[in-house]
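Throw the hints in and build the complete structure from the sequences for me.
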Amino acid sequence: MIGIGQELKICHLYPDLMNLYGDRGNVIALRRRAEWHGLRPSVEEVSLEDKSDFRRFDVIFIGGGQDREQKLICLDFQKVKGSALTEAVEDDAVLLAICGGYQLLGSYYQTGEGERVPGIGIVDLWTVAGKKRLIGNVIVETDLIEGPGPKTVVGFENHSGQTYLGAGLRPFGKVVTGYGNNGEDGGEGVIYRNTVGTYLHGSLLPKNPGVTDFLLRRALLRRYGVAELKPLDDMAEMRAHEAAIRRAKTKAY
Amino acid sequence: MGLRKILAIWTAKLAIGVSHLFGRGGSTFPGRLARRLAPGLLPVLAGQLPRGVVLITGTNGKTTTARMISGLLGAAGLRVVHNRSGANLITGVTAAFIAAADWRGRLAADIGLVECDEATVPKAVSELSVRVLVVTNFFRDQLDRFGELAHAVELVRSGAARLGPDAKLILNADDPQVASIGREVGLPAVYYGLEDGRHGTKEMVQSREAKHCLNCGEPYVYGHYFYAHLGQYRCPKCGQERPRPDVAATHVELLEARGVELAIRSPEADFTVRVALPGLYNAYNALAATAAGLAVGVEPEAIRRGLAGVVSSFGRMEPIDVGGRRVLIALVKNPAGFNEVVRAVLGDPDPKRLVIAINDNYADGTDVSWLWDVDFEQLATAGDGIDFIVTSGLRAEDMAVRLKYAGVETNRITVEDDLAAALGLALKRVGAGQTLYVLPTYTAMLGVRRVIAKMGYARHFWQA
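Line order of the protein sequences matches chains G and E. Whatever position you read off the first sequence (first residue = 1), add 1050 for the working numbering. Whatever position you read off the second sequence (first residue = 1), add 164 for the working numbering.
Treat the hints with caution; some may be incorrect.
What the hints assert, rightly or not - Calculated cross-link-like contacts (lysine-lysine; reagent style DSS-like; alpha-carbon spacing at most 30 Å):
| id | chain 1 | residue 1 | chain 2 | residue 2 |
| --- | --- | --- | --- | --- |
| 1 | G | K1059 | E | K375 |
| 2 | G | K1059 | G | K1101 |
| 3 | E | K375 | G | K1182 |
| 4 | E | K592 | E | K497 |
| 5 | G | K1181 | E | K497 |
| 6 | G | K1059 | G | K1182 |
| 7 | G | K1201 | G | K1280 |
| 8 | G | K1121 | G | K1101 |
| 9 | E | K497 | G | K1129 |
| 10 | G | K1182 | E | K287 |
Said to hold, decoys possible - Distance windows between CB atoms, simulated:
| id | chain 1 | residue 1 | chain 2 | residue 2 | range |
| --- | --- | --- | --- | --- | --- |
| 11 | E | E541 | G | L1282 | 11 to 21 Å |
| 12 | E | A585 | G | G1233 | 30 to 40 Å |
| 13 | E | E541 | G | E1140 | 27 to 37 Å |
| 14 | E | C402 | G | S1157 | 26 to 36 Å |
| 15 | G | G1164 | E | E463 | 51 to 61 Å |
The hints are simulated quantities; they were obtained by calculation from the structure and are not laboratory data. Every residue gets a Cβ at the ideal spot worked out from N, C-alpha and C, and that includes glycine.
And the structure:
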C-alpha cells in the first residue's frame, strides 16, 4: 500500500489556452481521486514562456484548444518547452493529452490548405485535416484498465483532424462506437510509454475511474516503485459510465 | 402568393394546431414540413414587412433582449412578428412567421423580430430582409454544433457580410470578438457598452474566452471586467482596443431584485431607462435593446415605456406558485450563464433545494463536457446549506458525478432520470413557503414546463 500523505505532483499545461471542452474536469478528477486514495496531490499550472523541468511532475495534463491558441502553443513548444517535455516523457512521466493536445504530440498537423504545422514530435503520429467533423459519443475498449471493472472507456469526440499512428505504436483502445483516430482503422488514441493521447472529452476521467487509476498507478510506480490503490466507492461514476454507454448505443449522430 | 405556398401554410398551421392539442409547443416539425413543401415561403412572408427584420444573435441574452425589443417596438405602436418561444433555428423562425400569417399568407405586421443561434445567421440573412443585426456576446455554448467558438464567430461574420448596404450592425463593444465583426464587415456599426466603472472588477472571474488579441495574439490588458470577458480591453502590442460605444450606459444602478436603471448617452438623446429584470447582464440586454430601438427610429420615450413593461419569462427565474411552494426555474445552457444562476441561488439565505436537469439533445448541445467548466465548487461551499439536489434528465448521472467531484456530499444527491418523478420527489421535500430551484437545459425546460402544466400550475409554453 502507498503510505498516507505521499505527494503527487500534477502539472496542468496551458490551462488558460487549452481548455476548450471541460478539460479541467480531468485535473479535478486526478486531484480528487488522488485524495481519496490517501495521497497528497498538488496542481501546478504552467503556461506560455514558463520554462519548467517536467521530470519533477508525476502527471502532466494538456487539453484541447482552438486553432488560434494551438498555434501560439506550437511556437512555445518549439522555443521553450519541447525538449523538456520530451525528456519527461522518455523518463516515464505520466502525460495525458486530449484532442488538440494529443495532436500536438505528433510530428505535424496538415491543414485543409496543405500547410504542415509542426508538433512536438514526441510520438510518431501525424494528423491531417478531414473534410467532415467527427462528432459524437464514443465507446472504446482498452486492455490498459486493471481489476474487475469494465474495460470500456466512454467519452465524446469532436475533431476534424484525422490522426494516424506510426508503425509499432499502439492505440489507446479499440473503437466500439464512434470514429476514433481517423474513422478508418478502428483505433482510438495512442499509448506510448506512460503517455496517453486521446480524442475523448466528457470530461474523460470522471466517468472512467479505471483510466484515472491506471494513470495514478503508473505515476506511483515511477516515483515510489509500488502502486497498490485501494478500491473506492465508484457507484456514481459507474452509473454515469453505463448511462454514457446506453446513450452512445441508442443515439446515432 | 402561389398555390404551393398557400398549401404549405395550411399544412403547417394544421401541424402547429395538432402539436398544441397534444400539449407540445413544438415548432420544429411544422416549420420543417412547410420548408419541405415550399422552400421559398419564408422570404415571401418576410418580404411583406415594410420595416424589414431585426435579427438578434449571440450566446447569452438573445431571448431577453428580443423580449425587450418587442416591448419597445410595441410601445412605438408597431405590430411585430416574433419567434417568441425560443425556437431559434430556421425551422422555428419559419413556423413563427406561418403562425402569424393569415390563411391566405398575409402578414398583418410592420416589422419582424427574430432571435437565432449563430449557425442560423447566414441562412436567416439570406431568407429575411434583415435591416438590423444585433450581436450580444460570444461564450462557449453548444460547441459540438459549431465546432468551436471561432467558428461560431465566423458564421455570424459571414452572415453579416451578406447584409444589404442599408443594414445596420448593433455590436457589443465590450466583447472583443463581437466588436471585431464591425471592423471586418464594411457596414455602419453602432457599438454599445457599459461606461460605469463602479461595476467593473480588476480580475477576470471564470472566463475562458478571448483573452488574446484577435489581431496579434498578445494578451489583452483590461481596465475593467464587467461580466466574464466583457469589459474595457486594449492590446498593449498592436493597440487594438474596445471601440468607443455610440450608445453607452454612463450610469448603471442595480436595484437588486427590482431590476436595473441605466443612464444612456446616445447620438439621438441622453435619457434614462429602467427594466424590472435584475443583474448586470440585464443591463447589457437593456442597452442592446435600446441601441436596436434607436436604430429602427423608435423615440427614447417609447423605448423607456417599452422597457418598463418587460416582465421575466418562463425559465428565466419566473416564480411559479406550486401549492404554496415557490418554484424558480432558470434555464442553463452554458458555463457563464450557469455560474450566474449558481451565484443567484447562493444569494438566497435559505437551505438550498435544487433539481438540476441535464439533457444532451441537439438543442441542448450533445456534449456534456461543459458541465466541468461550471463552478459547482462554489455551490459545494454551501455545505450544510444544501438541503438536497436531485439530478435528472438524460444526463442525470453525469451531473451527479460533477457534483460529487465538486465536493457536494453524495448523501445530498439523488439521481432520478425521469423529470416528472424528479420534480415529484423534490416537491415532497419542500415545505409551504419554501423555494425549489429548478435548473434545466433547454429541452429539459420544455419537459419541466409540461410537467408543471399537467399539475395545473403554469400556462402552456407557447402562450408565454
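Taking the hints in turn, this is what the structure says about them:
For the proposed pair K1059 (chain G) and K375 (chain E), the alpha carbon gap of about 27 Å is at most 30 Å, so the pair holds. Between the alpha carbons of K1059 (chain G) and K1101 (chain G) the distance comes to roughly 17 Å, so the proposed pair stays at or under 30 Å and holds. For the proposed pair K375 (chain E) and K1182 (chain G), the alpha carbon gap of about 29 Å is at most 30 Å, so the pair holds. Straight-line distance between C-alpha atoms of K592 (chain E) and K497 (chain E) comes to about 27 Å, which keeps the hinted pair within the 30 Å bound.
In summary, the hint linking K1181 (chain G) to K497 (chain E) is supported, as the alpha carbons are separated by about 29 Å, within the 30 Å threshold. A C-alpha spacing of about 39 Å is found between K1059 (chain G) and K1182 (chain G), which places the hinted pair above 30 Å, so the restraint is violated. Simply put, K1201 (chain G) and K1280 (chain G) have alpha-carbon atoms about 18 Å apart, close enough for the 30 Å limit, and the pair holds. The hinted pair formed by K1121 (chain G) and K1101 (chain G) meets the criterion: a straight-line CA distance of about 18 Å does not exceed 30 Å.
With a C-alpha separation of about 39 Å, the suggested pair K497 (chain E) and K1129 (chain G) falls outside the 30 Å cut-off, and the hint is violated. With a CA separation close to 20 Å, the supplied pair K1182 (chain G) and K287 (chain E) stays within the 30 Å bound. Distance hint check for E541 (chain E) and L1282 (chain G): the Cβ-Cβ separation is about 20 Å, which falls inside the suggested range of 11 to 21 Å. Taking 30 to 40 Å as the suggested C-beta distance range, the pair A585 (chain E) and G1233 (chain G) conforms, at roughly 39 Å.
In this structure the supplied range 27 to 37 Å holds for E541 (chain E) paired with E1140 (chain G), their Cβ-Cβ distance being about 35 Å. For C402 (chain E) and S1157 (chain G), the Cβ-Cβ distance of about 32 Å falls inside the hinted range of 26 to 36 Å, so the restraint holds. For the hinted restraint 51 to 61 Å between G1164 (chain G) and E463 (chain E), the CB-CB distance of approximately 56 Å keeps it satisfied.
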